[in-house]
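2 protein chains.
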Amino acid sequence: MPSISARSQAAPASPIRRLYPLAVEAKRKGKKVYHLNIGQPDIPTPEAFMRGIREAKIAVLDYAPSPGIPEALEAARAYYAELGFPLSSENILITIGGSEAITFALTVTCDPGDQVLVPEPFYPNYLGYARLTNVEILPLTTFREEGFHLPPRQEIEARLTRGTKAILFSNPANPTGVVYTERELDMLVDLALKYDLFLIADEVYREFVYEGRHKSLLSYPEAADRVILVDSISKRLSACGARIGMLISRNREVMAAAYKCATIRLSAPTFEQLGFVAFMRDPQRHAVVAQMIEEYRIRREVFCEELRRIPGVTFRKPEGAFYVMFGLPVQDSEDFIRWMLTEYPGQETVMFAPGAGFYATPGRGHDEVRGAYVLNVEDLRRACAILADGLALYTAALARR
Amino acid sequence: MPSISARSQAAPASPIRRLYPLAVEAKRKGKKVYHLNIGQPDIPTPEAFMRGIREAKIAVLDYAPSPGIPEALEAARAYYAELGFPLSSENILITIGGSEAITFALTVTCDPGDQVLVPEPFYPNYLGYARLTNVEILPLTTFREEGFHLPPRQEIEARLTRGTKAILFSNPANPTGVVYTERELDMLVDLALKYDLFLIADEVYREFVYEGRHKSLLSYPEAADRVILVDSISKRLSACGARIGMLISRNREVMAAAYKCATIRLSAPTFEQLGFVAFMRDPQRHAVVAQMIEEYRIRREVFCEELRRIPGVTFRKPEGAFYVMFGLPVQDSEDFIRWMLTEYPGQETVMFAPGAGFYATPGRGHDEVRGAYVLNVEDLRRACAILADGLALYTAALARR
Numbered sequence: 001m002p003s004i005s006a007r008s009q010a011a012p013a014s015p016i017r018r019l020y021p022l023a024v025e026a027k028r029k030g031k032k033v034y035h036l037n038i039g040q041p042d043i044p045t046p047e048a049f050m051r052g053i054r055e056a057k058i059a060v061l062d063y064a065p066s067p068g069i070p071e072a073l074e075a076a077r078a079y080y081a082e083l084g085f086p087l088s089s090e091n092i093l094i095t096i097g098g099s100e101a102i103t104f105a106l107t108v109t110c111d112p113g114d115q116v117l118v119p120e121p122f123y124p125n126y127l128g129y130a131r132l133t134n135v136e137i138l139p140l141t142t143f144r145e146e147g148f149h150l151p152p153r154q155e156i157e158a159r160l161t162r163g164t165k166a167i168l169f170s171n172p173a174n175p176t177g178v179v180y181t182e183r184e185l186d187m188l189v190d191l192a193l194k195y196d197l198f199l200i201a202d203e204v205y206r207e208f209v210y211e212g213r214h215k216s217l218l219s220y221p222e223a224a225d226r227v228i229l230v231d232s233i234s235k236r237l238s239a240c241g242a243r244i245g246m247l248i249s250r251n252r253e254v255m256a257a258a259y260k261c262a263t264i265r266l267s268a269p270t271f272e273q274l275g276f277v278a279f280m281r282d283p284q285r286h287a288v289v290a291q292m293i294e295e296y297r298i299r300r301e302v303f304c305e306e307l308r309r310i311p312g313v314t315f316r317k318p319e320g321a322f323y324v325m326f327g328l329p330v331q332d333s334e335d336f337i338r339w340m341l342t343e344y345p346g347q348e349t350v351m352f353a354p355g356a357g358f359y360a361t362p363g364r365g366h367d368e369v370r371g372a373y374v375l376n377v378e379d380l381r382r383a384c385a386i387l388a389d390g391l392a393l394y395t396a397a398l399a400r401r
Numbered sequence: 001m002p003s004i005s006a007r008s009q010a011a012p013a014s015p016i017r018r019l020y021p022l023a024v025e026a027k028r029k030g031k032k033v034y035h036l037n038i039g040q041p042d043i044p045t046p047e048a049f050m051r052g053i054r055e056a057k058i059a060v061l062d063y064a065p066s067p068g069i070p071e072a073l074e075a076a077r078a079y080y081a082e083l084g085f086p087l088s089s090e091n092i093l094i095t096i097g098g099s100e101a102i103t104f105a106l107t108v109t110c111d112p113g114d115q116v117l118v119p120e121p122f123y124p125n126y127l128g129y130a131r132l133t134n135v136e137i138l139p140l141t142t143f144r145e146e147g148f149h150l151p152p153r154q155e156i157e158a159r160l161t162r163g164t165k166a167i168l169f170s171n172p173a174n175p176t177g178v179v180y181t182e183r184e185l186d187m188l189v190d191l192a193l194k195y196d197l198f199l200i201a202d203e204v205y206r207e208f209v210y211e212g213r214h215k216s217l218l219s220y221p222e223a224a225d226r227v228i229l230v231d232s233i234s235k236r237l238s239a240c241g242a243r244i245g246m247l248i249s250r251n252r253e254v255m256a257a258a259y260k261c262a263t264i265r266l267s268a269p270t271f272e273q274l275g276f277v278a279f280m281r282d283p284q285r286h287a288v289v290a291q292m293i294e295e296y297r298i299r300r301e302v303f304c305e306e307l308r309r310i311p312g313v314t315f316r317k318p319e320g321a322f323y324v325m326f327g328l329p330v331q332d333s334e335d336f337i338r339w340m341l342t343e344y345p346g347q348e349t350v351m352f353a354p355g356a357g358f359y360a361t362p363g364r365g366h367d368e369v370r371g372a373y374v375l376n377v378e379d380l381r382r383a384c385a386i387l388a389d390g391l392a393l394y395t396a397a398l399a400r401r
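Going down the list, the protein sequences come from chains A and B. Residue numbering for the first sequence follows my numbering, starting at 1 and increasing by one per position. Residue numbering for the second sequence follows my numbering, starting at 1 and increasing by one per position.
The set of hints was computed from the structure by calculation and includes no laboratory data. Computed from a predicted structure; not experimentally measured. Warning: the hint list may mix true and false statements.
Repeated chains share a single entry, so a pair holds when one copy, or any two copies, can fit it.
What the hints assert, rightly or not - With a straight-line Cα cutoff of 25 Å, these simulated SDA-like cross-link-like pairs (lysine to any residue) come out:
| no. | residue 1 | residue 2 |
| --- | --- | --- |
| 1 | Lys215 | Met1 |
| 2 | Lys57 | Arg285 |
| 3 | Lys317 | Ile298 |
| 4 | Lys32 | Glu343 |
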């Protein structure tokens with residue numbers, strides 16, 4: 001039998017996927033599982049988006065233009081213009097989710113063997129996109145005690161190599177919730193200029209900021225030809241299944257190359273582009289987003305407050321997104337989550353994402369988990385109570401092992 | 001400024017995209033352009049598909065399961081079962097168009113620098129997928145005079161190298177319309193077994209067969225672990241913009257690797273999966289497809305009949321798909337098409353896809369074009385009359401140059 005490729009063997013199988021069957025089994029036995037493990041909002045997708053799909057007038061569902069249908073490009077342009085960033089539609093590609101935008105960005109900036117510096121912990125699929133495109137991730141470790149903010153400039157410079165082509169980061173960040181300060185972003189821009197690097201900025205959580213102010217990398221005219229922005233409607237429209245994202249750059253060469261990537265895969269799905277267009281034409285859309293962000297603001301307060309009461313749980317309150325990456329008084333958080341799904345005695349249990357899956361550096365994150373506050377306040381409180389109880393029982397059970 | 005990657009520079013910009021602005025300009029000047037250049041059917045998308053989208057009941061548009069929603073996997077399973085191929089849903093992945101299925105197949109079977117043998121002329125995006133995944137295409141030239149059927153076994157064997165991991169082909173084929181005989185397929189299977197190769201079979205035109213019989217590579221149990229099938233609803237449902245395709249294999253290792261590729265890009269678009277499910281539940285669906293195929297059968301007759309009357313046009317009537325790759329009495333078919341769009345004096349003109357874009361071997365195809373019979377019979381006759389007139393005028397104009 002012919003063997004499969006090394007790159008597909010090297011692609012990560014997420015640890016969370018090892019745990020999922022246990023959650024399914026727990027539910028089969030009648031247990032309720034509070035899923036704080038996944039970045040899937042529970043907020044209803046806006047009606048305007050759904051209406052745009054339902055009311056689409058299409059006789060022949062033909063290929064959409066590869067860079068996006070003109071109305072969707074115009075909707076994206078209008079969105080950035082409102083944020084204060086005047087772009088032309090030539091600076092924008094509609095992609096199949098933020099996922100495709102990241103794959104395009106890595107493909108366009110790197111050849112096989114090239115490296116991308118990524119602050120860790122990071123969104124685990126970054127490693128997947130990188131492995132499948134034969135790009136190497138250079139992790140830049142950040143720490144819970146520092147709220148996962150960036151290390152000093154010299155430490156970043158020390159990590160860079162000749163083969164480093166870009167710095168990839170999310171801001172606000174998944175899984176840490178960190179929102180980088182203006183000083184941190186100034187430093188990244190400075191490094192990109194000094195070392196001739198691209199900056200791939202994943203800003204899909206742009207609106208999810210509760211403290212301080214989010215600064216987009218589009219704010220740096222001096223880095224206009226270095227910045228590749230990755231964006232998506234998944235989170236801000238609670239439409240993860242739409243698969244509508246964007247790649248933005250003011251670098252013409254980058255856009256020409258990304259445009260080729262887009263033509264080769266033909267088009268992004270038409271109906272969901274029309275949903276996005278309809279949402280952007282809804283006069284209520286700002287209120288819809290503001291109300292959603294307010295809900296997350298409240299959830300964050302409750303979640304952090306409840307976590308803080310649990311003995312041994314450590315974290316710094318994050319500024320944005322809808323995640324908290326927190327420390328647990330255990331040695332192996334994946335083992336703890338497995339125990340919660342299989343041995344915890346209650347009729348309800350809780351699931352988090354094990355921390356190690358967010359690090360590329362071996363040995364890191366084993367005492368951490370990521371919690372996503374994507375449930376209502378009452379469920380969040382209940383989930384934290386279960387976590388507290390579970391930790392006490394697990395620790396006692398370990399002592400008896 | 002940092003430079004973009006070599007692979008994105010090497011990715012092909014389709015010659016047809018150089019010609020498009022000329023077609024747009026011609027239309028701006030009031031000319032009618034008959035587009036026989038693109039594989040975009042004009043047949044309305046079935047109502048059942050559209051209803052499945054319109055009537056979807058979704059409150060939160062969350063990520064669909066990465067391998068496909070269970071109902072879509074079941075619909076695909078039922079489709080293959082009807083064809084006589086019993087598969088389990090573990091053998092099927094719903095992909096974002098056939099495009100993604102091919103990218104997954106190349107990623108799973110090849111590492112950078114590995115080679116894939118492809119009969120040429122071939123679908124130009126194959127070169128795009130290959131360049132972006134750093135796979136090398138070894139073209140295996142086939143000839144118009146032989147109806148683009150495969151060369152003898154020894155010629156194929158002579159092309160294989162140590163780095164050849166797979167043979168990729170479409171059947172029925174784009175752009176040639178060839179449908180491989182059982183003997184040709186037997187030979188490919190035999191070669192795959194002897195040389196330990198994967199067979200990546202793009203069968204998206206499976207239903208579009210007008211002469212002889214299409215044999216799927218799923219018919220070969222002895223090659224079950226070599227075959228990766230690429231499929232799509234784009235053509236048979238006239239739903240190119242749906243971006244719903246499939247990757248099928250009975251090789252567990254391949255499916256596990258492809259599954260990882262799928263989880264990394266999260267999910268295929270939900271609404272279009274539901275459209276596919278609704279179509280597959282429609283009792284009228286066989287009649288809908290049969291009627292469409294009948295329409296193409298008539299168009300093929302008319303198109304071939306009309307082409308045959310044009311002096312200097314040469315081809316063998318193809319057995320399937322909806323293309324004819326034919327020879328023209330010109331030295332540079334791209335120049336001829338450019339002339340038709342810019343200098344042809346009529347109020348109407350016609351556009352074909354230049355032949356060279358379908359070949360990887362330099363110098364091939366310059367006297368050929370691909371015509372797609374995706375227009376109604378009357379328009380096809382008119383387009384051929386314009387072609388005949390244009391050829392006469394172009395030849396005369398060239399003589400004066």
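Which of the numbered hints above does this structure break?
-> Failing hints: none at all.
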